[in-house]
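Colleague: Sequence:
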Amino acid sequence: MADETVDRPNRFRAEAASRGLPSEEVEEWIRIARPAVYVAEGGDGPLVARAGGDPLLPHGAPKPSEPFVASVDLAALPPDATGLPLPADGHLLFFAGSEVSLEGQVPDAVMYVPAGTPTTPSPLGHSWRKPYRPRELRTVWHRLSDQMPESFAVDRWGDLTDDEQFELADELSDAWAHVGGYRPPWSLQIGGHPVSPQNDPVHYARDPGEAGPSADGEGAGDWTLLATWRFGDDVTELDSGVAHWVIRRGDLAARRFDRVHRYVEMA
Numbered sequence: 001m002a003d004e005t006v007d008r009p010n011r012f013r014a015e016a017a018s019r020g021l022p023s024e025e026v027e028e029w030i031r032i033a034r035p036a037v038y039v040a041e042g043g044d045g046p047l048v049a050r051a052g053g054d055p056l057l058p059h060g061a062p063k064p065s066e067p068f069v070a071s072v073d074l075a076a077l078p079p080d081a082t083g084l085p086l087p088a089d090g091h092l093l094f095f096a097g098s099e100v101s102l103e104g105q106v107p108d109a110v111m112y113v114p115a116g117t118p119t120t121p122s123p124l125g126h127s128w129r130k131p132y133r134p135r136e137l138r139t140v141w142h143r144l145s146d147q148m149p150e151s152f153a154v155d156r157w158g159d160l161t162d163d164e165q166f167e168l169a170d171e172l173s174d175a176w177a178h179v180g181g182y183r184p185p186w187s188l189q190i191g192g193h194p195v196s197p198q199n200d201p202v203h204y205a206r207d208p209g210e211a212g213p214s215a216d217g218e219g220a221g222d223w224t225l226l227a228t229w230r231f232g233d234d235v236t237e238l239d240s241g242v243a244h245w246v247i248r249r250g251d252l253a254a255r256r257f258d259r260v261h262r263y264v265e266m267a
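With the UniProt record's numbering, letter number 119 in the sequence shown gets 119, and the count goes up by one each step, no holes.
Source of the hints: derived by calculation from the structure; they are not laboratory data.
We put the CB at the ideal spot given by N, CA and C, even for glycine.
Be aware that a few hints might be false.
[Unchecked claim] Below, computed lysine to aspartate or glutamate pairings styled on EDC-like, alpha-carbon distance capped at 20 Å:
1) Lys130 x Asp239
2) Lys63 x Glu103
3) Lys63 x Asp258
4) Lys130 x Glu237
5) Lys130 x Asp54
6) Lys130 x Asp162
7) Lys130 x Asp233
8) Lys130 x Asp234
9) Lys63 x Asp108
10) Lys130 x Glu150
[Claimed, not checked] If you anchor each label on the Cβ, the simulated ranges turn out as follows:
11) Val179 x Ala88: 14 to 20 Å
12) Gly104 x Val179: 51 to 57 Å
13) Asp174 x Pro123: 42 to 48 Å
14) Thr236 x Gln198: 14 to 20 Å
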């Protein structure tokens, strides 16, 4: 990660200075950038994730209520590339339907299967949807993930953020993209900041409407993106549909995947 975590911020500083952007905000943009892993279909490397089809579930495990999206081999991820307290091995399974929803906590949205656990292919039997198209994801890379401009502005300046501050956040985002390229095409993102066509799922989990800092009053600043999935052309009812899984870092470290929040949206 040395090249990405050192060289890109330095290139960003130089680009931002050439545009006359304030150094204090430049340093804040760099400070909150988070590492992330991106996984894509194709490639000839080791199998990093398997998407679609029937999940491999432990014998006797309850079947999740939504279709199987993907299973990630945690041992195949670059060490420390996500900045998340993930298990070192085993598989992380993600489940989501294709209806737009801001569900909040969903106990069976993510399942962790420890390494060595006997599993078997398990059709979920959803009469309303066939399994997603099976595919293998063998292309993986990691890079720093910047926050969405609107989210940066709200976190930085609060609910009374004015138009000039939103414009500054957009300019910072543009300068960051200019020196590092836009995010490459990917199907699954693990860690980092969310890319969202509508709502920031981390903000939504942290401050769900009128309910206050969090749904249960705990750890408002501890929420983080666990993963985002791009449905792509396989799900025609969603225009540029994505599913997000959000969790508190403390719950992730404790393997409390039953506390994951899930959000499905489209452009």
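Colleague: Evaluate each hint against the coordinates.
Modeller: Status of each hint after checking the structure:
1. Lys130 x Asp239: Measuring from Cα to Cα gives roughly 19 Å; hence the hint holds.
2. Lys63 x Glu103: holds (19 Å)
3. Lys63 x Asp258: Within the cut-off at roughly 14 Å; holds.
4. Lys130 x Glu237: Within the cut-off at roughly 13 Å; holds.
5. Lys130 x Asp54: It holds: about 10 Å lies between the C-alpha atoms, which stays within 20 Å.
6. Lys130 x Asp162: Distance ~46 Å between Lys130 and Asp162 Cα, so the pair is violated.
7. Lys130 x Asp233: Holds: Lys130 and Asp233 sit about 15 Å apart, inside 20 Å.
8. Lys130 x Asp234: The given pair, whose Cα atoms are some 11 Å apart, holds under the 20 Å limit.
9. Lys63 x Asp108: Roughly 9 Å between the alpha carbons, so the hint for Lys63 and Asp108 holds.
10. Lys130 x Glu150: Violated. Lys130 to Glu150 sits at ~36 Å, over the 20 Å cutoff.
11. Val179 x Ala88: 14 to 20 Å: Distance hint for Val179, Ala88 is violated at roughly 33 Å.
12. Gly104 x Val179: 51 to 57 Å: violated (37 Å)
13. Asp174 x Pro123: 42 to 48 Å: Once the Cβ atoms are compared, 46 Å apart, the range 42 to 48 Å for Pro123 and Asp174 holds.
14. Thr236 x Gln198: 14 to 20 Å: Between Thr236 and Gln198, where Cβ atoms are some 19 Å apart, the hint holds.
Checked against the numbered hints above, the structure breaks hints 6, 10, 11 and 12 and satisfies the rest.
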